[in-house]
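Residue numbers (the working numbering), protein chains in the order written: chain A, 1 to 388; chain B, 389 to 707.
If you're looking for bench data, these hints aren't it; they were derived computationally from the structure. It cannot be assumed that every hint is accurate.
[As the list claims (entries may be wrong)] What the simulated footprint calls covered on chain A by chain B, stretch by stretch (three residues with Cβ under 8 Å from a Cβ of chain B suffice, anywhere in the stretch; the number is not a length): (1) 205-218; (2) 334-348; (3) 371-385.
[As the list claims (entries may be wrong)] Here are the simulated DSS-like cross-link-like pairs (lysine-lysine), alpha carbons at most 25 Å apart as the crow flies: (4) A:LYS119 / A:LYS327; (5) B:LYS550 / A:LYS93; (6) B:LYS491 / A:LYS70; (7) A:LYS211 / B:LYS625; (8) B:LYS514 / B:LYS414; (9) B:LYS489 / A:LYS14; (10) B:LYS543 / A:LYS93; (11) B:LYS414 / A:LYS70; (12) A:LYS70 / B:LYS489; (13) B:LYS474 / B:LYS543; (14) A:LYS93 / B:LYS577; (15) A:LYS93 / B:LYS631; (16) A:LYS296 / B:LYS435; (17) A:LYS296 / A:LYS119; (18) A:LYS93 / B:LYS474; (19) B:LYS514 / A:LYS93; (20) A:LYS208 / A:LYS119; (21) B:LYS491 / B:LYS514; (22) B:LYS543 / B:LYS435; (23) A:LYS296 / B:LYS514; (24) B:LYS582 / A:LYS296; (25) A:LYS354 / A:LYS211.
[Stated by the list, open to error] A few chain A residues facing chain B, derived, Cβ under 7 Å: (26) PRO118; (27) ALA125; (28) GLN128; (29) PHE132; (30) TYR135; (31) LEU139; (32) PRO145; (33) PRO171; (34) SER254.
The model shown is predicted, which means the values in this text are computed figures rather than measured ones. Note that beta-carbon positions come from the ideal geometry of N, C-alpha and C, so glycine has one too.
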Amino acid sequence: MLLESSTLSFIGEKFSDFLDYTGFANLMWENLIMILVGAFFIWLAIKKDFEPLLLIPIGLGIILGNIPFKSAGLEIGLYEDNSVLNFFYQGVKQGWYPPLIFLGIGAMTDFSALIANPKMMLVGAAAQFGIFGAYIIALALGFEPNQAAGIAIIGGADGPTAIFLSSKLSPNLMGAIAVCAYSYMALVPVIQPFIMRALTTKKEKLIKMEKSREVSQTERILFPIVGLLITTFIVPSGLPLLGMLFFGNLLKESTKTTRLAKTAGSALNDIVVMLLGLTVGCSTQASEFLTLDTIKIFALGAFAFIIATTSGVLFVKLFNVFLPEGKKINPLIGNAGVSAVPMAARISNQEGLKADHTNFLLMHAMGPNVAGVIGSAVAAGVLLGFLS
Amino acid sequence: MKRVFLLSLLNLFAIAVCAQGARDFKITEVYIAQEGENNGFLDEFGKASSWIEIENTSYTTHNIRNCFLTTNEDVLKEMSAPDREKLMSIIPSGDERTNLKGKQRITFFADGNVNRSILHTNFMLKPTGKPVFIALYDGNAVDLLDSITIPADLKPGYSYAKIGDEWKTIPNDQITPNAPNSFFGNADKIKEWKEKDPHGLAMTVLSMGIVFGCLLLLFVFFHLFGWIINRMNRAAKYKAIMKLREQANKVVVIAKEGIETKGIPYENYVAAISLALHEYLGNMHDMESGIITIQRKDSEWGNKDHNLRHQESHFVPTN
Chain A
1 MLLESSTLSF
11 IGEKFSDFLD
21 YTGFANLMWE
31 NLIMILVGAF
41 FIWLAIKKDF
51 EPLLLIPIGL
61 GIILGNIPFK
71 SAGLEIGLYE
81 DNSVLNFFYQ
91 GVKQGWYPPL
101 IFLGIGAMTD
111 FSALIANPKM
121 MLVGAAAQFG
131 IFGAYIIALA
141 LGFEPNQAAG
151 IAIIGGADGP
161 TAIFLSSKLS
171 PNLMGAIAVC
181 AYSYMALVPV
191 IQPFIMRALT
201 TKKEKLIKME
211 KSREVSQTER
221 ILFPIVGLLI
231 TTFIVPSGLP
241 LLGMLFFGNL
251 LKESTKTTRL
261 AKTAGSALND
271 IVVMLLGLTV
281 GCSTQASEFL
291 TLDTIKIFAL
301 GAFAFIIATT
311 SGVLFVKLFN
321 VFLPEGKKIN
331 PLIGNAGVSA
341 VPMAARISNQ
351 EGLKADHTNF
361 LLMHAMGPNV
371 AGVIGSAVAA
381 GVLLGFLS
Chain B
389 MKRVFLLSLL
399 NLFAIAVCAQ
409 GARDFKITEV
419 YIAQEGENNG
429 FLDEFGKASS
439 WIEIENTSYT
449 THNIRNCFLT
459 TNEDVLKEMS
469 APDREKLMSI
479 IPSGDERTNL
489 KGKQRITFFA
499 DGNVNRSILH
509 TNFMLKPTGK
519 PVFIALYDGN
529 AVDLLDSITI
539 PADLKPGYSY
549 AKIGDEWKTI
559 PNDQITPNAP
569 NSFFGNADKI
579 KEWKEKDPHG
589 LAMTVLSMGI
599 VFGCLLLLFV
609 FFHLFGWIIN
619 RMNRAAKYKA
629 IMKLREQANK
639 VVVIAKEGIE
649 TKGIPYENYV
659 AAISLALHEY
669 LGNMHDMESG
679 IITIQRKDSE
689 WGNKDHNLRH
699 QESHFVPTN
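Generate the whole structure from the sequences, applying the supplied hints.
Take a look at the structure:
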């Protein structure tokens, strides 16, 4: 006999150990649900073209984070110290990724529409009511103020800001908040149009806005510097986000650092988006994600988006009362006050074209849209300053 | 011989896996009770005392039996394992409570009453006005699994808890023995907001005011700046128009009075100007696109027939 019976039983025992370590042996129904959720996200991204750059990494991340395994200190799981995934996750946990994404956003964003028509800043500010409306509802649902703030920031429609704030104030809810924020951002074309249509009259939809003036390079260079000084002197807690946003924009507008702006807006941004999406998806492990709190967060996120869109549109209508004829703003650009750039502006344009096929609102809507980015970062800084 | 070697190797692997499991135990919260204080977290005998919470940070079950807890800093010195064991309090085996599922926590009472149950240590934690060192050692009394030094200025009624990667002081009504430390941000500030603004209206008014204020300032600045730039543009345009008008006047004068050729024949004068214009405009073609066209060379390396992905059909109908 080549192998003794004790050796055979030992092999059997070890093989049984091996089987214990497989995903099949450790599978729970919660993991299966989350894997299906991940697959659904990937389907949405590929088939329906909903924010594929975000939903594909998040979807695969959800699947990756829910592969069941028996931890034996092998340092492979997202939450295990020294694992590769844990190393990537530090960018989310410590809040490095959101400022880097803001750097990319700054390098890609043209603030000319806002500089040419600065009153759009106020529309961007008005849409931030979504954040604080959701904060009030979250408190009523029994969340602590810090948790409510983390959830409410979803209303800013700004994924990186939501991750940044929740990582500081409510890290245990961060996975749900991030997935919720990005999911609703992808669903902006579904959520916003019916609110916009319901809140505007036919006459308002037909308002044609006057052509914006040309913006000089001096103004474009001055904008990030003045913007940085004003916002961060008032809200220093927003420094990581606002600082990087305006830094990226200065790289672009100075025209002397084109290479840096190009890298920040393309390669660097893509790398960070990939790692952020993957690790945020991974952090939604069934045991942490499938809870009643997650359902509440998703409901609150929807409310936040609805309030933000409503307040943006209504603010423009109110603003129009004080504006002379010929200077009036089309309320269809009010929705763009949320910072889902440029999707919210694109929706304004589409809705404008539906009412009048010659009324192009895209460039006008870009004003409140980029103001929304600044507004949500300022709101996050304010909440962080008050609660941390 | 080979079999013995193989068995030893597998056993070593099994031991290594067990040791790695112990590494997942971390101290997550500590409470140092005042003399006679009832902090609401009672042991099996209804007594309140100081306590140390430990979490199995992994997602799988591990047993914490035979690990050691201590407050004696001397254990960090070089010494044999048996000597170190003498300075520490062992977590006894034989109780199912030491078997911790993934993310589960266990709390030990640091009251010196080791005979009460396995959840009691042989040392007492008391407020001494000095930093307190606490260490968790593996069952071999060699590997330090985790340690923490409680600051001397920890206020009475506050626990010292690990939240994320940071240690924070948590007020009495927020301490969570045997439960995740889910309190974040500044405990005092959050408590104040919760008490004084339970509906969030003050936060909304204040924050929206600040957001509006920030963007209003930006609006004012760029509105004024835009106005100044517009004025400057208008002035520049006016200047340009005036210059153009002046040149037009000169042309009118020349047309009326003729060019002053300073003795050069009129035809030569006009020919020189025409030649200069021709050369200037003729050199414009030197602005090239910079794109170099490379002649395509087909080889086996680029043969599309070897491609495994779907390609557009090369078939071209002839009729």
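Hint check:
Here's how the segment 205-218 of chain A fares: 3 of its residues keep a CB closer than 8 Å to some CB of chain B, so the rule of at least three is met and the hint holds. Chain B is given as covering the segment 334-348 of chain A, and this is violated because 0 residues of the stretch bring a CB closer than 8 Å to a CB of that chain, at least three being needed. Under a criterion of three residues with beta carbons nearer than 8 Å to beta carbons of chain B, the stated coverage of the segment 371-385 of chain A is upheld, 7 such residues being counted. Distance check on the hinted pair: A:LYS119 and A:LYS327 sit about 11 Å apart at the alpha-carbon level, within 25 Å; holds.
As the CA atoms of B:LYS550 and A:LYS93 are separated by approximately 15 Å, the hinted pair is consistent with the 25 Å bound. Between B:LYS491 and A:LYS70 the CA atoms are separated by roughly 13 Å; this keeps the pair inside 25 Å, and the hint holds. Distance hint between A:LYS211 and B:LYS625 is fulfilled; the C-alpha atoms sit about 20 Å from each other, no more than 25 Å. For the proposed pair B:LYS514 and B:LYS414, the alpha carbon gap of about 21 Å is at most 25 Å, so the pair holds.
For the hint pairing B:LYS489 with A:LYS14, the CA-to-CA distance comes to about 22 Å; that is within 25 Å, so the pair holds. Restraint check: the Cα-Cα separation between B:LYS543 and A:LYS93 comes to about 28 Å, which exceeds 25 Å; the hinted pair is violated. As the CA atoms of B:LYS414 and A:LYS70 are separated by approximately 19 Å, the hinted pair is consistent with the 25 Å bound. With a CA separation close to 11 Å, the supplied pair A:LYS70 and B:LYS489 stays within the 25 Å bound.
At most 25 Å may separate the alpha-carbon atoms for a hinted pair to count; B:LYS474 and B:LYS543 exceed this at roughly 31 Å. The suggested pairing of A:LYS93 with B:LYS577 holds, with an alpha-carbon distance near 22 Å, which does not exceed 25 Å. Taking the CA atoms of A:LYS93 and B:LYS631, the gap is about 63 Å. The hint is violated against a cut of 25 Å. Proximity of A:LYS296 to B:LYS435 is assessed by CA-CA distance (about 38 Å); at most 25 Å being required, the pair is judged violated.
Between the alpha carbons of A:LYS296 and A:LYS119 the distance comes to roughly 36 Å, so the proposed pair goes past 25 Å and is violated. Proximity of A:LYS93 to B:LYS474 is assessed by CA-CA distance (about 40 Å); at most 25 Å being required, the pair is judged violated. Proposed proximity of B:LYS514 and A:LYS93 is contradicted: the alpha carbons are some 34 Å apart, above 25 Å. With a C-alpha separation of about 16 Å, the suggested pair A:LYS208 and A:LYS119 falls inside the 25 Å cut-off, and the hint holds.
A C-alpha spacing of about 28 Å is found between B:LYS491 and B:LYS514, which places the hinted pair above 25 Å, so the restraint is violated. Restraint check for B:LYS543 and B:LYS435: the C-alpha separation of about 21 Å stays at or below 25 Å, so the hint holds. A threshold of 25 Å between alpha carbons decides the hint, and for A:LYS296 with B:LYS514 the separation of about 42 Å lies outside it, so the pair is violated. Taking the CA atoms of B:LYS582 and A:LYS296, the gap is about 20 Å. The hint holds against a cut of 25 Å.
A threshold of 25 Å between alpha carbons decides the hint, and for A:LYS354 with A:LYS211 the separation of about 20 Å falls inside it, so the pair holds. Here the hint on A:PRO118 is kept, as its CB sits about 4 Å from the closest CB of chain B, short of 7 Å. This hint holds: A:ALA125 has a C-beta 4 Å from the nearest C-beta of chain B, less than the 7 Å allowed. Satisfaction of the interface hint for A:GLN128 is found here, the shortest Cβ-Cβ separation to chain B being roughly 5 Å, below the 7 Å cut-off.
Nearest Cβ of chain B to the Cβ of A:PHE132: about 4 Å, under the 7 Å cut. The hint holds. The criterion of a C-beta within 7 Å of any C-beta in chain B is met by A:TYR135, whose closest approach is roughly 5 Å, and the hint holds. The interface hint given for A:LEU139 holds, since its Cβ lies 5 Å from the closest Cβ of chain B, which is under the 7 Å cut-off. Interface hint at A:PRO145: satisfied, since its Cβ lies 4 Å from the closest Cβ of chain B, which is below the 7 Å cut-off.
Satisfaction of the interface hint for A:PRO171 is found here, the shortest Cβ-Cβ separation to chain B being roughly 5 Å, below the 7 Å cut-off. For A:SER254, the shortest C-beta to C-beta distance to chain B is roughly 18 Å, which exceeds 7 Å, and the interface hint is violated.
Going down the numbered hints, you'll see the structure goes against 2, 10, 13, 15, 16, 17, 18, 19, 21, 23, 34, while the others check out.
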